[in-house]
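Student: Hey, can you piece these two chains together into the complex? The hints should help.
First to last, the protein sequences are chains A and B.
Straight run, no breaks: the first sequence in the working numbering ends on number 184.
Straight run, no breaks: the second sequence in the working numbering ends on number 365.
Treat the hints as calculated values from the structure; they're not laboratory data.
Accuracy of the hints is not assured; some may be wrong.
No more than 27 Å apart at the CA atoms, straight line, and that leaves these computed lysine-lysine pairs for BS3-like [stated by the list, open to error]: (1) Lys336/B with Lys55/A; (2) Lys55/A with Lys225/B; (3) Lys70/B with Lys350/B; (4) Lys225/B with Lys236/B; (5) Lys70/B with Lys137/A; (6) Lys144/B with Lys330/B; (7) Lys46/B with Lys129/B; (8) Lys186/B with Lys55/A; (9) Lys330/B with Lys222/B; (10) Lys54/B with Lys129/B; (11) Lys328/B with Lys144/B; (12) Lys330/B with Lys309/B; (13) Lys186/B with Lys309/B; (14) Lys328/B with Lys222/B; (15) Lys144/B with Lys137/A; (16) Lys309/B with Lys24/B; (17) Lys236/B with Lys309/B; (18) Lys350/B with Lys309/B; (19) Lys350/B with Lys46/B; (20) Lys331/B with Lys144/B; (21) Lys309/B with Lys55/A; (22) Lys236/B with Lys55/A; (23) Lys222/B with Lys236/B; (24) Lys55/A with Lys222/B.
None of these values were measured; they are calculated from a predicted model.
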Amino acid sequence: MTQPPNGFDPNDPIGTWRAWRDASLEAWAKSLTAMVNTETFSQAIGAQLDALLAISGPVQQAVQQYMERYLAQAQLPSRNEVVTLAERLTNIEFRLDDMQAQLDELTDLVRKLAVAQTPTAVDVGVIDERLRGIEEQLTALAAVRPSGRTRKATTEDKE
Amino acid sequence: MTSSDAAPIDLERMTEQLLKEIERTTKSSDMAARIATNRIRVAVGQTPKEQIWALNKMRLYHYYPQVPPEQRKPVPILLVFALINRPYIFDLRPGNSFVEFLLQHGYEVYLLDWGRPGLEDAHYDFEDYSLKFLPRAIRAMQRHSGKREFSMLGWCIGATIVTIYAAMRPDDGLRNLILLTAPLDFSDKEGSTFSRWLNTEYYNVDELVRQFGNVPAAVIEYGNKMLKPVENYIGTYLKLWDNLDNPAVVEAWLAMNTWVTDNVDFPGAAFRQWVVEFFRENRLMENRLMMEGRVVDVANIRANLLNVIADKDHIVPNCQSRSIMDRVGSKDKKLIELKGGHIGIMVGSGASKRAWPLMEAWLSERST
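Only chain B is shown next, with the shape it has when bound in the complex (with noise of 0.2 Å):
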């Protein structure tokens, strides 16, 4: 830059932008001070829906059609979520929730909650909660709705449970699957930070889980914020920080970190599996990984995939997902790739304009 191009000193224009900066902060004390007392919460979850079923933690919920019954699609759709999160992430606020958009397209809606397991479930592991959990959700969705059969979206660990149920459970009625930013194939030990932290000798995780029971909630938040440490220490209080007097990305901001920070502990026996039998050995897609006495075979899928991942998926990068497209035995099968986050694909200001009309678009046509 030459001395020429610089723009004059304008000493007016310089206090001018110092109020305007002075004056803004001033207001966003008062809300950056609201904040840090626990003075304003945002409601989350706010579609309204009624339990249909329980056992042990886990709830299963039908939200209230929104659409007469003649606009209503025949094939009911069970949202689960994974383990280590609430799933209310479905449905964050009024005007950014995915369930709120299925529901106006029509669908019949059920979601599962696994809950917040106590010492009494550190035993229970993935065949627990893929074949003895899901499948009594299932039934209880069906003797709800009236129908056998139903589509099924899972998302992050629970898109890993949905697709070991479909690979052992390919009769019972499971027309459309979806699976979003799927954990399944880790063949790729440098693919992933998780694959690397895990991989090794020095994650003592046996040690953890006897002395534990549940991996607890904190420990698996400490992980996941190590992945992005400056993004997710920093970035986002200071993304709060320059839009405090802005109320609308306050709310967002806050309804995102509510979800962010209410996490679940890891029950400790599907905690352990993850790390051994998923990420170390790779057993799903090796064929290895046995559950009920069998081989639980992806071959046997035959449900209609659809595969949604995110290109900037740094929690499930792409290798870990893509390779179920050639190994599943649906005929009618597709991937999609988004651009956006592990979480933001689903939830970003964008998803509402990309994600959720092509899924919809997807399983419209398959729900008839």
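This is chain A alone, in the form it adopts within the complex (with noise of 0.2 Å):
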């Protein structure tokens, strides 16, 4: 079947219904997201927040009193109380983390420090060498050491 011109298939009620259905979206989404970038919306918007805060206002505080007397004879902590309280273990939990940092930095110092005190293989490798050359000196100066005390005794039998 050759396609239908203009994309309209009188054939497909269902199809050309989502066409019409999807264009007619497109122009109310266009329409109204113009009409939320004005500055009647921004004002409508304001308002909306001044009428919900002139209702909660009101509320929160008749709630808030309420439950502050009830939990106060019922000698149970308030909210202000519970906030105050998480607040501060939050801070004890700034000290503790700051705490584990020096902690942290305080280990690798002395994991630096050990490493810096025990000799390495290279370390023990040019000690080996040192000595290796001190016992060769020794072995020659052992070897030229009679004959100078035979020259030494010469010189003095001569004297």
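Tutor: Dropping the structure here:
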């Protein structure tokens, strides 16, 4: 079957309805998006917020006062007291976190110092080489000492 | 259209189409009922991870590497999302997860979750989040990874927070900074719908914060959805209805809807500062934002900078993100404009083909 012109297919009423629906929504979306971006709508948003706050303010205050009285009578902590406690706990957490960081830094430093004081294989090799050099020099000295003594004795004898 | 162009009426085909639609609707009704009664759920944030640090409501997660040690990049990356939504958008679903993508490319990935603020957190503002909490999370990450240098990616308000951090702590090891749809410059008061709403004297932010402490998530969600009311209140559900017989589309829709409706209260002091000092007074870009007794000067940013913006972003229009390029002190800086919306650039169907590889390629060159 050939494709109907302009995408309209009289034999597919659902598809046609869907296309109409999408086109209508797109038009609505464009006009409403433009509408919310106006000064008038900004005022309306502000008015909505004011209305919400005008209702919630007195309600919140009344509930808070009632709850505080009720909780005090029941010897239970109020919301403000719980919030204060939570703030104190958070402060303690901060201090603990900082102490943990300082402890980590100290541990690192101690490790570095310990590593610096422990002779490494390279250090041992260098020491070994220097000792070998000293040994060689001593051996060489030992080899020349008897003839020196002989020479000295001879000189002393002559004197 | 002339009558000769019109397709002939074919009753048999018309009946066939109607039957097909009835069959589809019958199948879809079952799925619709399951969704409406919450009998179908999609798991989100599934990539295996461990919690390595916690402070107050904040959590820092480390994702388990997915490649052998010799293939891993030496510079870890920290992901920071906004205060008003959950950060698992970075790891939405297996196969559609930026975290998973980074892990497969050898990155050590860390994710900061700000948590859900309680009333005791209502006094925290951007200075607290940028210079008190974030540096502690970074310290924990540096400790865990054993690396001083790191990369950081901030998205939406998370990008504002990391920008402040980068400007105030330029010597603390930040090597690469990625900003995603970052709201920073509010000089264009006509540039966004939010600017119009919040810049007026009609919006009583002080009373809102005084009464509620933290701004309720429902208020934030309402504001976000009203930017595009038809799309958010009608279009998205029609899209679901049209695809109820397609399990893959339903699953993707549910995952996204789970995230979209999982909002977080905006801490009161931070919200007030956001409206007054950022939106109304544009203090950050005018060098008038004071923190720790100093001006937050973005010229102090020296980290390599990648600024990613979305061409169809109706929440953070491009004018709010672009101008930082001329102001930062970074020698290595790049601006990328991608096709998509505020969230769509990172989780849409094209994200794994466009945004993720682009960011990874930029980061890879600077993570050696």
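Student: Assess, step by step, whether the Cα of Lys236/B is no farther than 27 Å from the Cα of Lys309/B, and give holds or violated.
Tutor: holds, 19 Å
Student: Straight-line Cα separation of Lys186/B and Lys309/B no greater than 27 Å?
Tutor: holds, 18 Å
Student: Keeping to a limit of 27 Å between CA atoms, is the pair of Lys70/B and Lys350/B held or broken?
Tutor: Since the Cα atoms of Lys70/B and Lys350/B sit roughly 21 Å apart, the hinted pair holds (cutoff 27 Å).
Student: Taking only the CA atoms, is the gap from Lys55/A to Lys222/B under or equal to 27 Å?
Tutor: holds, 15 Å
Student: Run the distance test for Lys328/B versus Lys222/B: straight-line Cα separation, threshold 27 Å.
Tutor: Distance ~39 Å between Lys328/B and Lys222/B Cα, so the pair is violated.
Student: Would you mind confirming whether the straight-line C-alpha gap from Lys54/B to Lys129/B stays at or under 27 Å?
Tutor: With a Cα-Cα distance of about 14 Å, the restraint between Lys54/B and Lys129/B holds, given a limit of 27 Å.
Student: Below or equal to 27 Å on CA atoms is what counts here, so check Lys144/B against Lys137/A.
Tutor: Holds, at roughly 16 Å.
Student: Is the Cα-Cα distance between Lys46/B and Lys129/B 27 Å or less?
Tutor: holds, 25 Å
Student: Straight-line Cα separation of Lys186/B and Lys55/A no greater than 27 Å?
Tutor: holds, 21 Å
Student: Hint check: Lys330/B vs Lys222/B, CA-CA at most 27 Å. Holds or violated?
Tutor: Given pair Lys330/B, Lys222/B is violated - Cα atoms ~33 Å apart, limit 27 Å.
Student: Quickly compare the C-alpha distance for Lys328/B and Lys144/B to 27 Å and report which way the hint goes.
Tutor: Satisfied, since the Cα-Cα distance of roughly 23 Å is no more than 27 Å.
Student: For a C-alpha distance cap of 27 Å, please report whether Lys330/B and Lys309/B respect it.
Tutor: Since the Cα atoms of Lys330/B and Lys309/B sit roughly 22 Å apart, the hinted pair holds (cutoff 27 Å).
In summary, the numbered hints that this structure violates are 9, 14, 16.
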